[in-house]
Structure formats: structure tokens, C-alpha cells
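> Quick note, the sequences are listed as chains W and S, same order.
When you line the first sequence up against this note's numbering, it's residues 49 to 155, in that order.
When you line the second sequence up against this note's numbering, it's residues 6 to 164, in that order.
If you are wondering where the hints come from, they were derived from the structure by calculation, not from laboratory data.
Check each hint, because a few of them may be wrong.
[To be verified] Just a few of them, taken from the derived set where beta-carbon distance is under 10 Å, the chain S residues facing chain W:
(1) Leu9
(2) Ile23
(3) Ala27
(4) Ser89
Predicted, not measured: the structure shown is a model, and the values here were computed from it.
Backbone N, C-alpha and C fix where the C-beta goes; we use that ideal spot for every residue, glycine too.
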Amino acid sequence: MLWIAGFLIVAGLFFFAVGVLGILRFPDFYTRLHAAGKCDSLAAVLVIAGVALYNLTDYSLANLLVSIKIMAIAVFVFVASPTATHAITKAALVIGVEPWTRKDREQ
Amino acid sequence: MKQLQEQVARNPEGDNLIIRTAVRLLVPFIQLYGLYVIVHGHYSPGGGFQGGVVLGASFILLALAYDLKTSLRFMSERVNNLLSNLGALIFIGIALLCALLGGLFLDYAALERLIPLGAEEWHSLGIFLVELGVGLAVMSIMVSLFWDLASGGDMEEGL
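Whole structure, please, built from the sequences with the hints as guidance.
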């Protein structure tokens, strides 16, 4: 149980790192949001699931209840984070943020 | 890309299906969580102010994803005013009741003389009642602030 929890948390940290790399290195708003939105949702859910499993290492009813509450946070993040990303992208599209094209690289 | 931009510009408010579905899914759970934070406030992190802000934020989320009219349908302005006054009244009422029963202002142990439950029980229960008042007041003030700022005070149309 401890090893699975550790693996999940480390995998979540890996995806967080990839997301940060994407935010720093991608050229324009849409691609940066693409990196941030996807990686952060997945990484947050992985880390939260790892923490919930770690909490269950000494099993009792109270700990099980706490783990269920932690998993409720995961469900919330999994619904809310992609929706927020969608809303931000659409707002950028409405006010006319230009996407990066190959032309911009040549300049 | 141009085509997509034109399509969104032609109909900027209509196609909000994803946001509205997610908000409709989340708002009941956000309100449940706000009540949880208020109720558990006296022996875990949280309390009346934080729970009230979460409850108020759920109504603001409704007003942002739909429009001002929809959030007014869930809680009218009159009910909102009533709740904000009720919250302040609960707080001051409990506090003054403690003083009138021979204790200090907000000295919950004095409520023992009204209903004998034990001083420790009343310490816990008194804080809970006061937090309930704070939560109600904060929720309605948050919602009312948003309504007034978003619509310029006339509640006709907002964001």
C-alpha cells in the first residue's frame, strides 16, 4: 500500500514538472494553457489519490472516512479544472488572442 | 482559426453548455461543503466566515455561468436581506443573552442558566450558534455585494 501511494505521488509530481516545463517553454497562450490544464488535472488527481492511499496504511473506519473525503476533492478537481481551462480558452478566443503560427518563428 | 473566432464572435453567450453543465453539477456539492465547514467550524479548521464565503461563492458561480436573473430566482433580494439581518441578529442575540443571564458579553457558559446542559457543552454549542449567524450574514453580504457591483445596483442585467 505504501509503495503504491509513493508511486502515485511521484507520478503526480512528474506530471506537475512536465506541466511547469510546458508553461515555461511553449510559445503562446493556447499551448501554455494546454500544458497547464491537462497536466495539472491529472497530476493533482494522482497526488490526491496517493495521499488517500497513504492515509489508509493503518486501516480504521475514521481513516477510511478521511480517505473518502480526500477522494471527493479529487472528483471536484477532475470536474472543475477542465471546465475552468475551457472557460479561459473561450474567453481568450472571444477577445481575439492570436495563436502562434510558423510565421512567428521566422521573425 | 479565423473561422472559429467568427463563429464564437457571432454567438458569444449561447454555446456555454460545458460551463453550465459543470456548474449545475458542482453547485449543490459546493453548498453542502459550505454547510459542512460552518457546522464543523468549532472543532476543525473552518468556521462561520469561511463557510459563509463558500456558500456565497456558489451563488456567485450560478450568476456567472447563467445570468443574474437565474441566481435571483434561487434566492430573491428580499430573502437575501432577511438572511443578512437574521445572521447579525443571531450573533448579537446570543451575545446579549449571555450578558443578560449574568455572564459577560459572548460568555456562553452563562446560557447554562437557561437550559442546563453543562458548561463545556454550552461552550461548544454557543460557538456553533454564533458561527451559524456569522455564516448567514457573510453569505448574504457576499451575494449582495456581487449583485450590486455586477448590475450597478438595479438588478436588471449583470455579467
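> Once the shortest beta carbon distance from S/Ser89 to chain W is found, is it less than 10 Å?
violated, 28 Å
> Classify the hint on S/Ala27 as holds or violated, based on whether any CB of chain W lies nearer than 10 Å to its CB.
Holds: closest Cβ of chain W sits about 4 Å from S/Ala27, inside 10 Å.
> Do the numbers back the hint for S/Ile23, that is, is its least Cβ distance to chain W under 10 Å?
holds, 5 Å
> Hint validation: S/Leu9 versus chain W, beta carbon distance must be below 10 Å. Holds or violated?
holds, 7 Å
The structure does not agree with numbered hint 4 stated previously, though it agrees with all others.
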